[in-house]
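In order, the protein sequence lines correspond to chains A and B.
Residue numbers in the first sequence follow full-length UniProt numbering, run continuously in steps of one, and reach 428 at the last position.
Residue numbers in the second sequence follow full-length UniProt numbering, run continuously in steps of one, and reach 428 at the last position.
For the record, the hints were derived by calculation from the structure and aren't laboratory data.
It should be emphasised that the depicted structure is a prediction, and the values quoted were computed from it without experimental measurement.
Among these hints, one or two may not hold up.
Which copy is meant is left open, because identical chains are indistinguishable; a pair holds if it fits in one copy or across any two.
What the hints assert, rightly or not - Think about it this way: if two alpha-carbon atoms lie no more than 27 Å apart in a straight line, the pair counts; the simulated DSS-like pairs of lysine-lysine are:
#	residue 1	residue 2
1	228	294
2	372	341
3	352	45
4	175	425
5	316	45
6	175	228
7	175	352
8	316	282
9	31	341
10	369	421
11	166	352
12	166	421
13	341	316
14	228	316
15	143	369
Protein chains: 2
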Amino acid sequence: MSEKKRRQGETGPSPTGKKSRPSSRAEELRKQLKPDADILASLRKMCAASQSSSSASKTLTLSDLNLSSACREVSDRDNASVQLSIERAALDAALSILSSRGFSFDIPSRSSSNQLYVPELDRIVLRNKTSSRPFASLSTVRKATITARVLSLVYAVIRRNIHVTKRDLFYTDVKLFQDQTQSDAVLDDVSCMLGCTRSSLHVVASEKGVVVGRLVFYDDGDRIDCTKMGIGGKAIPPNIDRVSDLESDALFILLVEKDAAFMRLAEDRFYNRFPCIIVTAKGQPDVATRLFLKRMKSELKLPVLALVDSDPYGLKILSVYMCGSKNMSYDSSNLTTPDIKWLGVRPSDLDKYQVPEQCRLPMTDQDVKAGKDLLEEDFVKRNEGWVKELETMVRTRQKAEIQALSSFGFQYLTEVYLPLKMQQKDWL
Amino acid sequence: MSEKKRRQGETGPSPTGKKSRPSSRAEELRKQLKPDADILASLRKMCAASQSSSSASKTLTLSDLNLSSACREVSDRDNASVQLSIERAALDAALSILSSRGFSFDIPSRSSSNQLYVPELDRIVLRNKTSSRPFASLSTVRKATITARVLSLVYAVIRRNIHVTKRDLFYTDVKLFQDQTQSDAVLDDVSCMLGCTRSSLHVVASEKGVVVGRLVFYDDGDRIDCTKMGIGGKAIPPNIDRVSDLESDALFILLVEKDAAFMRLAEDRFYNRFPCIIVTAKGQPDVATRLFLKRMKSELKLPVLALVDSDPYGLKILSVYMCGSKNMSYDSSNLTTPDIKWLGVRPSDLDKYQVPEQCRLPMTDQDVKAGKDLLEEDFVKRNEGWVKELETMVRTRQKAEIQALSSFGFQYLTEVYLPLKMQQKDWL
Numbered sequence: 001m002s003e004k005k006r007r008q009g010e011t012g013p014s015p016t017g018k019k020s021r022p023s024s025r026a027e028e029l030r031k032q033l034k035p036d037a038d039i040l041a042s043l044r045k046m047c048a049a050s051q052s053s054s055s056a057s058k059t060l061t062l063s064d065l066n067l068s069s070a071c072r073e074v075s076d077r078d079n080a081s082v083q084l085s086i087e088r089a090a091l092d093a094a095l096s097i098l099s100s101r102g103f104s105f106d107i108p109s110r111s112s113s114n115q116l117y118v119p120e121l122d123r124i125v126l127r128n129k130t131s132s133r134p135f136a137s138l139s140t141v142r143k144a145t146i147t148a149r150v151l152s153l154v155y156a157v158i159r160r161n162i163h164v165t166k167r168d169l170f171y172t173d174v175k176l177f178q179d180q181t182q183s184d185a186v187l188d189d190v191s192c193m194l195g196c197t198r199s200s201l202h203v204v205a206s207e208k209g210v211v212v213g214r215l216v217f218y219d220d221g222d223r224i225d226c227t228k229m230g231i232g233g234k235a236i237p238p239n240i241d242r243v244s245d246l247e248s249d250a251l252f253i254l255l256v257e258k259d260a261a262f263m264r265l266a267e268d269r270f271y272n273r274f275p276c277i278i279v280t281a282k283g284q285p286d287v288a289t290r291l292f293l294k295r296m297k298s299e300l301k302l303p304v305l306a307l308v309d310s311d312p313y314g315l316k317i318l319s320v321y322m323c324g325s326k327n328m329s330y331d332s333s334n335l336t337t338p339d340i341k342w343l344g345v346r347p348s349d350l351d352k353y354q355v356p357e358q359c360r361l362p363m364t365d366q367d368v369k370a371g372k373d374l375l376e377e378d379f380v381k382r383n384e385g386w387v388k389e390l391e392t393m394v395r396t397r398q399k400a401e402i403q404a405l406s407s408f409g410f411q412y413l414t415e416v417y418l419p420l421k422m423q424q425k426d427w428l
Numbered sequence: 001m002s003e004k005k006r007r008q009g010e011t012g013p014s015p016t017g018k019k020s021r022p023s024s025r026a027e028e029l030r031k032q033l034k035p036d037a038d039i040l041a042s043l044r045k046m047c048a049a050s051q052s053s054s055s056a057s058k059t060l061t062l063s064d065l066n067l068s069s070a071c072r073e074v075s076d077r078d079n080a081s082v083q084l085s086i087e088r089a090a091l092d093a094a095l096s097i098l099s100s101r102g103f104s105f106d107i108p109s110r111s112s113s114n115q116l117y118v119p120e121l122d123r124i125v126l127r128n129k130t131s132s133r134p135f136a137s138l139s140t141v142r143k144a145t146i147t148a149r150v151l152s153l154v155y156a157v158i159r160r161n162i163h164v165t166k167r168d169l170f171y172t173d174v175k176l177f178q179d180q181t182q183s184d185a186v187l188d189d190v191s192c193m194l195g196c197t198r199s200s201l202h203v204v205a206s207e208k209g210v211v212v213g214r215l216v217f218y219d220d221g222d223r224i225d226c227t228k229m230g231i232g233g234k235a236i237p238p239n240i241d242r243v244s245d246l247e248s249d250a251l252f253i254l255l256v257e258k259d260a261a262f263m264r265l266a267e268d269r270f271y272n273r274f275p276c277i278i279v280t281a282k283g284q285p286d287v288a289t290r291l292f293l294k295r296m297k298s299e300l301k302l303p304v305l306a307l308v309d310s311d312p313y314g315l316k317i318l319s320v321y322m323c324g325s326k327n328m329s330y331d332s333s334n335l336t337t338p339d340i341k342w343l344g345v346r347p348s349d350l351d352k353y354q355v356p357e358q359c360r361l362p363m364t365d366q367d368v369k370a371g372k373d374l375l376e377e378d379f380v381k382r383n384e385g386w387v388k389e390l391e392t393m394v395r396t397r398q399k400a401e402i403q404a405l406s407s408f409g410f411q412y413l414t415e416v417y418l419p420l421k422m423q424q425k426d427w428l
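Next comes chain A alone, as it looks inside the complex:
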């Protein structure tokens, strides 16, 4: 059916009123499209290269690097091992108390002065500075108590093998925590202290993302075939540790900023024409979607191509996927997916595809400032192509949404723009 629909779109009469408002450039580009078999052949090569390079060169980890200052990262750990760590912490405290020394927690500092950008890894990590949190001190007694309480709550959650939200955690002892920022902050402390991810502590964020396409996985034991998820797609589960056995015959992962573009791709079953997995967090990426993308990328070893708005905000979203956010830098290796390719919509696309003037939006001063700030970021500077695109954006002071492509017809995105991008390997 999707095949039929597509052909009709390519060659049939266009009822979108294009005849009366001809867009010669759009037609011209449509004619440049080669047969799908050719495009697929080149995509297969790219995919194979990506898989062999990731299996040949072992992924660099923090321990492979000889860093002058020791650094700290957390990792995913199983229930038994986290349980053991908490028991050990409790035992240490008890022994310390019994030997009349009181007790104290050693908490890694998460302040920006203790953060470090590691270019080889392309992400932010924590240096090794810690601070002591003694119970027998007026200034730290509250935080030490909260830390002990959070440890005991997390222990209970893990023993029951359930998952809870930060909000649930807060509500179990409102009297002590007072407000949620306090329990949230200590939860991050505990995560660093035990050296495990927040997912390993079974404290999860709410879900926002959806996935559709050539992916099969298990969600809490249920087999999910994402080619059979209709147009709505499968909601990405909040508990990544219940996700297992990912399988795919896709050639790439298409990361989409927005819901509307996702819907277009899902309805047109784009993944049947070009085997891919389509994923979106519907705007600002949430933790669950970032974990899911990371998981797909590392287990399936597929290239990731990103489709975002042509504005500074679109790039910022990419940066969160790639480098993480600063306040969770201790967990960056589990949350970040380096090496995402910027497929589009890029500032240079606006002229290349002759997006009409009235579909481009003028950038505000704030937008321009955000663009200039991005030019100073390491993850941008590393990629010459990105720098050029951003400079174009700031110079022309023009931005555009993915939907601006609808001006050439509602299915232009899936019928011409993306296939042509694939054919020309037009990503940076």
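Starting from the known structure of chain A, fit chain B onto it as the hints suggest.
Frame of chain A, contents of chain B only:
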């Protein structure tokens, strides 16, 4: 597994620290719980009653009522019939032009003076006032042109049998529409004019909701079994007209305000213990979730029980599901689900379940005002129980979130609170 987990939760040692912080009321309530078989028997009776009453008494429609002023509603219509209506409108315009009378659209007024609350239907509808929109008038030429353009765009979308968003529609002719509020407003006009829903025009909103539990349906031809959707659940599709063949052995629909509560219910597979369908729009209900709920309720004839925060905002969310929002009143019969029962968390629950003081939040003056405003609303006044609860809320000036129940243990919601509500048929 869910069975095992639950038993452990009920009788096993509680590792959530409840021993050290006893909550005698919580334990007392837990002991009041009867065996599941008893509760299920009474739920089955309720469900059967709901199904026989809805099949015996035909649902009241606007045409059944003898209203003094004629009223207008839109309905779902198939592609062919919408296409025909648009062709007829175009033909009328052409004939009118050929007979030298120019052309004009007759547009139903959507202003509040043309709205009417119909108590028998428990929803807002439009009166029959229309206004003329002639092309040959300076004050309406722009709107008449936009109307013609939207008609032609919608026609194209329907002929291709695809779905687009409002944003897509706007971008096809930015020069004419200038900003999206203009094309959006005319889209609503066109919907009223043709007498069909916005879904029938194939213009859809983005999706936000998720569903899990005892429901099987088809999303664009793919069979979706919502008991096999893991913890993440199935994303509710934006295009309700591609949803078909709903089947269910559930006894009720559990409508949940928040994501976190949904996650708890999904992880504990609550629907295996009490057969139900669990659905959430993650806050403010979107059109897709409202359509989906309406669809489930009318096809499966199941009672709907709502679990929302105990605050004015929670009730407002219920009102949107039940009575619709004012600016889409012309479409209220397709979007609204009357007869939703308020299960909890209700103001009276705070004392009944002895929710600790520190888990209740003081209401702001604005909250209190919102509560008082709700007391004036028709949908509240109709239900004596609701009035009493709201009066309690406003008097005590206390509110509480669903998560406040976590103070008795993370699984208190699924293990005690909800089962007890079912057992006691405690809804209004």
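We went through each hint and held it up to the structure:
no.	hint	in the structure
1	228 x 294	both (23 Å within a copy, 24 Å between copies)
2	372 x 341	within (21 Å within a copy, 54 Å between copies)
3	352 x 45	within (26 Å within a copy, 66 Å between copies)
4	175 x 425	neither (58 Å within a copy, 32 Å between copies)
5	316 x 45	neither (30 Å within a copy, 55 Å between copies)
6	175 x 228	neither (47 Å within a copy, 39 Å between copies)
7	175 x 352	between (60 Å within a copy, 20 Å between copies)
8	316 x 282	both (14 Å within a copy, 25 Å between copies)
9	31 x 341	within (26 Å within a copy, 58 Å between copies)
10	369 x 421	neither (29 Å within a copy, 55 Å between copies)
11	166 x 352	between (46 Å within a copy, 26 Å between copies)
12	166 x 421	between (41 Å within a copy, 26 Å between copies)
13	341 x 316	within (14 Å within a copy, 44 Å between copies)
14	228 x 316	neither (32 Å within a copy, 35 Å between copies)
15	143 x 369	neither (39 Å within a copy, 38 Å between copies)
Going through the hint list in order, the structure does not satisfy hints 4, 5, 6, 10, 14, 15.
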